[in-house]
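Sequences are here, hints too, so could you generate the full structure?
Number of protein chains: 2
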Amino acid sequence: MPDFSIGVDLGGTNLRIAAVSADGRMLDKIALSTRIDLGCDQVVSDMCDAIFRLTAQYRGGGSFLGAGIGAPGIIDFDAGVVRKSANLPGWTGYPVRAELERRLNARVFLDNDAHVAGLGEKWLGAGRDVDNMAMITLGTGIGGCLVLNGKAFPGMSGMSGEFGHITIEPEGIPCGCGNRGCAERYASASAIARMAREAIESGEAPTLAKAAASGAEFTPKAVYDLAMQGDAAAQRIFRSFGRALGMMLADIVNVLNLDMYVLGGGVAAGWDAFAPAMFEELRSRSVVYAATAPADPLAKKEGASEGKKTIITRAILGGDAGLFGAARLPAL
Amino acid sequence: MPDFSIGVDLGGTNLRIAAVSADGRMLDKIALSTRIDLGCDQVVSDMCDAIFRLTAQYRGGGSFLGAGIGAPGIIDFDAGVVRKSANLPGWTGYPVRAELERRLNARVFLDNDAHVAGLGEKWLGAGRDVDNMAMITLGTGIGGCLVLNGKAFPGMSGMSGEFGHITIEPEGIPCGCGNRGCAERYASASAIARMAREAIESGEAPTLAKAAASGAEFTPKAVYDLAMQGDAAAQRIFRSFGRALGMMLADIVNVLNLDMYVLGGGVAAGWDAFAPAMFEELRSRSVVYAATAPADPLAKKEGASEGKKTIITRAILGGDAGLFGAARLPAL
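Each protein sequence line maps, in turn, to chains A and B.
The first sequence runs 1 to 332 under the working numbering.
The second sequence runs 1001 to 1332 under the working numbering.
Treat the hints as calculated values from the structure; they're not laboratory data.
Here the structure is a predicted model, which means the values were calculated and not measured.
Some hints could be false.
Said to hold, decoys possible - The following label-pair restraints were derived from C-beta to C-beta distances:
| # | chain 1 | residue 1 | chain 2 | residue 2 | range |
| --- | --- | --- | --- | --- | --- |
| 1 | B | 1291 | A | 210 | 42 to 48 Å |
| 2 | A | 214 | B | 1308 | 22 to 28 Å |
| 3 | B | 1128 | A | 83 | 27 to 33 Å |
Yeah, the Cβ is synthetic: ideal placement off N, Cα and C, and Gly gets one too.
If you want it as structure tokens, here you go:
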């Protein structure tokens, strides 16, 4: 048995703990609820109980290298604390890392959830063969991660990769960050729900209106299914989503000229519905992308045999990217 | 005498060649015209004659390490050729580096002019104490350079740092790159000239109109002088310039979270007229900047004693940044 580490996905609703071998195999996974209303100490106790169960089981084989935790919001990596998180109310300033290190008597790392998802895709996923990549996580909002010269690039204070707050509409929709027209107001799960509501109110989306009347929720999946069935209103929503994403990507590509940009998170599953509009917008807006685009960016093996081409592709580890990436932190 | 290298600033109009010691002193400088109409071979001959004069003079002391050349446009660093340059017509595909290496019998590097200016500021200028910085060069257009973990970050194909083509106005002014609303259409020397013309045509800029009638050219300097003398129309132009720059910087800061952003190039001399609007826009649009801004970003020693703060500051090497940076290439 090889050495192993623990990866934790600490969400506002779900708490997942995994044992991952140093050579990248998922050994075991425990899924719990985050009992956020019982306070930080209780959540940390739940986390430690699960970690002890896993380490007891796998310690016989190899060494336990430590634990990595991915959490939503602004994380102070150096201090090991949550600085600001809408999904973890009451956690600001709580010494997550120090408390876990004390209880586990092991090395612990705390990082942003989008950062660890990117590390996972770099280690074992879409980016495993490239040294310079960005991961864009499309969820309720938009998260991001930069991997440069083969290593995570957290920035001066761990806040790099805030792609979702790139301005794509100077006088656009107000964002919680204080800006207007941020990309995540136009290309996220919440943006799809907003566009669906607006389409119904405009009277131009009969199928969506019928679905709404029957009490269906506007998950991105529901709108995606309608788009793939040919519903014009649902298709317009995903085209708009794709254009917004293309505008955001154009800025990132012009700034960084990376080898690869990986789209992950739940909403990336809508790829077939948004990718054509995304590539069209990206090509028309980014001089760097236009100069380095593969002949057919939608082809499965994009540009693989064309030399230095900019690859925009889907993540392949799904919801486990963050568990793998978090488990990678103590193994690095 | 220490070792030395040659730095070349190959512009569409001016050709400057400098001998720089390995410890960063400017030993000598030769200024010529770029005889672009006589063809690449003649320009390369002029360049080599000047280099031979300098190397003959300084070779007695230390070793000649080689030459670095900064050129405008899209440069293929690996191949040592100009890929696309509006200012160097006819140079596309000409083997600049190979030809110079043959004639000089020395190591030669060819890079983008904005990249070498950034390397100069990192080596000896505003960025000498930081490992992660971007340089933004404000000239006719906007150039850029990324220095990450202490080293130039050229990107996959040497095209990183195209900050001037970040979209700040989705339906804005068409740009030569194919996009609309690029930052350099609103925050460059050519943008100032356009805004001055528009202000005169609107009838709301009597002083500018008078200056124009007397045949004065609308250099950024002339408009800047009027702004500092209190002319309202000229002040509006620089405020607009500052807001555009702030929007562009907000995107860069959100993506990278670097320690320092250095503004250079001729138009950076207008700092006093545009910086207040730039900082106001930047703070309102970038969540990362707002979280890391020094208390008084306009103070001379911005944030130096405040720990990890985002510093936006002026370049200090002026027009020689590119010569120093180019000379640094063979010495690295």
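Structure-based check of all given hints:
The supplied range of 42 to 48 Å is met by residue 1291 of chain B and residue 210 of chain A, whose beta-carbon atoms lie about 44 Å from each other. At about 52 Å, the CB distance of residue 214 of chain A to residue 1308 of chain B disagrees with the hint of 22 to 28 Å. In this structure the supplied range 27 to 33 Å holds for residue 1128 of chain B paired with residue 83 of chain A, their Cβ-Cβ distance being about 30 Å.
When held up to the earlier numbered hints, the structure conflicts with hint 2 and nothing else.
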